[in-house]
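Enquirer: Heads up: the sequence shown begins at 1 in full-length UniProt numbering, then just goes up one per residue.
Check each hint, because a few of them may be wrong.
FRET-style restraints, in silico, Cβ to Cβ [as the list claims (entries may be wrong)]:
#: 1; residue 1: 214; residue 2: 36; range: 26 to 32 Å
#: 2; residue 1: 32; residue 2: 128; range: 48 to 54 Å
#: 3; residue 1: 287; residue 2: 150; range: 36 to 42 Å
#: 4; residue 1: 93; residue 2: 227; range: 37 to 43 Å
#: 5; residue 1: 42; residue 2: 136; range: 42 to 48 Å
#: 6; residue 1: 214; residue 2: 20; range: 46 to 52 Å
#: 7; residue 1: 228; residue 2: 332; range: 26 to 32 Å
#: 8; residue 1: 292; residue 2: 67; range: 32 to 38 Å
#: 9; residue 1: 213; residue 2: 148; range: 42 to 48 Å
#: 10; residue 1: 150; residue 2: 28; range: 29 to 35 Å
#: 11; residue 1: 217; residue 2: 136; range: 33 to 39 Å
Straight-line Cα separation of at most 35 Å, DSBU-like style, residue types lysine-lysine; simulated pairs [unchecked claim]:
#: 12; residue 1: 2; residue 2: 289
#: 13; residue 1: 186; residue 2: 248
#: 14; residue 1: 18; residue 2: 197
#: 15; residue 1: 217; residue 2: 113
#: 16; residue 1: 125; residue 2: 44
#: 17; residue 1: 29; residue 2: 158
#: 18; residue 1: 2; residue 2: 217
#: 19; residue 1: 217; residue 2: 25
#: 20; residue 1: 29; residue 2: 18
#: 21; residue 1: 125; residue 2: 91
#: 22; residue 1: 120; residue 2: 158
#: 23; residue 1: 18; residue 2: 229
#: 24; residue 1: 2; residue 2: 18
Read the hints as simulated data drawn from the structure, not as lab findings.
Just so you know, even glycine gets a beta-carbon here, dropped at the ideal spot from N, CA and C.
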Amino acid sequence: MKDLPQLELAACCDIIEKNLQNGMKSAAKNAKAYSDYRRLLEDKRIEAVIIATPLHLHHSMAVDAISAGKHVYLEKTMTYDIPQALDLVQKVNASGRILQVGHQYRYYALYHKVAEVIAKGWLGKVTQFECQYNRNANWRRPVADPSQERLVNWRMYKEYSGGLVAELCAHQIDIVNWLVNAHPEKVTGFGGIDFWKDGRETYDNVRLLYEYPGGVKASVTSLLMNEYKGYSMRILGSKATIEIQREKAFLYSEAGKKQLGTVDGVTGATVEAWTHGDGVLLAFQDDRKDPTAHALLGFATSVQQRKQPASNVQTGRDAAIAVHMGNAAMETGQVQLWKPEYSA
């Protein structure tokens, strides 16, 4: 945050001393350290807070911050469950405060270029999304004090976490919502604890299939035992496909769709070259900043100008509901439907 002059880190709060001291290294010269977030909220110097805590605390902390007159940057997933998401929308709308959800890819130029290419029709009719966020690791953090196991590895326990869907897949679910400009209508899925049998409660593998208006489908996968292609998204259209990797994207033409002209943002190549098999790199204005830095700058601008963030409480609600529908589909074995009251 020291590299973002629009923001000054005036205070840090954490109940784990090591984490608190790490945070203070990025803080301003006269910053204060707290172990109780409620004391931090009493600090009149502070205009806005970043809430990056275990998921089960998001709603209560966000409500407390808004009640204290603070603007809020709330990490994804927005809330622990659907009722909390609906409640937070009402409270934010009534408060006059800015709340931005940490879906940082809405602020990353690569995804804006992808949205532009889709809007220009270069993919044809988009019908499918294939999303994956895979790792080959147990997702645990080392714990020096066994009494702090659940505190440190909260992602492993359903009491605190929505597991892989809430912590990883939520990013891509939000992107699909954005690019389709809709929320999913239904979801089915499967998951389990099939590899890391170490006492965890949240799944080590998940596979979901969301259906959007117009029959658009989005498959969403996260594994903890194979990281082939790690983080990636494929957007499939009738004329071409985009594959998004971490910091780049490639376009691939469908056979028989060669003569499409020249694509804006493709590095000196024509669509005719797509058929050679490797795809064409999609060019965009890349300033090498981390997507989260762009999101925080966007948050600062929203607070200063009192304007709605791109990743706001409504879009955060829709992503959170989709996440919790996915978890419910896996846990119950039943298709989960979007209810009308979710959009009220």
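Enquirer: Between residue 2 and residue 289, is the straight-line Cα distance small enough, at 35 Å or below?
Expert: Holds, at about 13 Å.
Enquirer: Taken at face value, is the distance from the CA of residue 197 to the CA of residue 18 at most 35 Å?
Expert: holds, 29 Å
Enquirer: Holds or violated: the 33 to 39 Å window for the beta-carbon distance between residue 217 and residue 136?
Expert: violated, 27 Å
Enquirer: Mind checking the alpha carbons of residue 2 and residue 18 for me, to see if they're no more than 35 Å apart?
Expert: Roughly 20 Å between the alpha carbons, so the hint for residue 2 and residue 18 holds.
Enquirer: Regarding residue 287 and residue 150, is the given constraint of 36 to 42 Å on their beta-carbon distance met?
Expert: Hint holds: Cβ distance 40 Å, inside 36 to 42 Å.
Enquirer: Checking one constraint from the list: CA of residue 29 to CA of residue 158, max 35 Å. Satisfied?
Expert: Given pair residue 29, residue 158 is violated - Cα atoms ~39 Å apart, limit 35 Å.
Enquirer: Quick check: does the Cβ-Cβ distance between residue 292 and residue 67 fall within 32 to 38 Å?
Expert: violated, 26 Å
Enquirer: Do the alpha carbons of residue 186 and residue 248 lie within 35 Å of each other, as the hint requires?
Expert: Holds, at about 30 Å.
Enquirer: Can the suggested window of 26 to 32 Å be confirmed for the beta-carbon pair residue 228 and residue 332?
Expert: For residue 228 and residue 332 the Cβ distance comes to about 30 Å; the hint holds.
Enquirer: If you draw a straight line from the CA of residue 125 to the CA of residue 91, is it 35 Å or shorter?
Expert: violated, 38 Å
Enquirer: Would you say the C-beta atoms of residue 32 and residue 128 sit inside 48 to 54 Å of each other?
Expert: holds, 50 Å
Enquirer: For a C-alpha distance cap of 35 Å, please report whether residue 217 and residue 113 respect it.
Expert: Holds, at about 22 Å.
Checked against the numbered hints given earlier, the structure breaks hints 1, 8, 11, 16, 17, 18, 19, 21 and 22 and satisfies all the rest.
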